[in-house]
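Engineer: Sequence:
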Amino acid sequence: MKCTTFLFRRKKSAVINIASASHHVQSIALGKHIPREGEAAQNSAVQRYQLMRQEPPKGLPKLNESQLKALEKALKHNFTLIQGPPGTGKTVLGVYIVFWFRELNARTSRRNIDPKDKNKKDVILYCGPSNKSVDVVAGK
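Everything in the sequence shown is counted per UniProt numbering, starting at 1 for the first residue and increasing by one.
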């Protein structure tokens, strides 16, 4: 227990001392829950029953129960890590996540804190374990 606490304190100290890391990035690195901002963000998430009723985007298979659960969680959080063995549908799930974030971004107006950001577009950062998986997601 002492060793774990000591290591966490070292990690926390190292992360906090990275000058370029925002509070959001620090929270992710430290494994803290990142709440979504405001009631509108909570209401914008798509519920599983809605996902199950929707026809899948053209050219994509229907998701299984495990993938639907992961998709629902991803749409409710600012940061999501999807992992699993080869062939379990991680890349397909990634396409669905990007698709739904794009849909949600189109429905919700962007909140600008800095006036010089008003012309910036919403972006979705997708990272994958290989160039191939990222290329597949980008190509859909």
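Since the hints were made in silico from the structure, they are not lab data.
One or more of the hints may lead you astray.
Unchecked claim - Straight-line Cα separation of at most 27 angstroms, DSSO-like style, residue types lysine-lysine; simulated pairs:
1) Lys-118 - Lys-76
2) Lys-90 - Lys-62
3) Lys-76 - Lys-62
4) Lys-58 - Lys-90
Engineer: All the hints need checking, so say for each whether the structure fits it.
Structural biologist: To see whether the hints hold, each was checked on the structure:
Among the hinted pairs, Lys-118 with Lys-76 is consistent with the structure: their alpha-carbon atoms are about 25 angstroms apart, no more than 27 angstroms. Straight-line distance between C-alpha atoms of Lys-90 and Lys-62 comes to about 13 angstroms, which keeps the hinted pair within the 27 angstroms bound. With a C-alpha separation of about 20 angstroms, the suggested pair Lys-76 and Lys-62 falls inside the 27 angstroms cut-off, and the hint holds. A distance of roughly 18 angstroms separates the Cα atoms of Lys-58 and Lys-90; the hinted pair therefore holds under the 27 angstroms criterion.
In terms of the numbered hints stated before, the structure departs from none.
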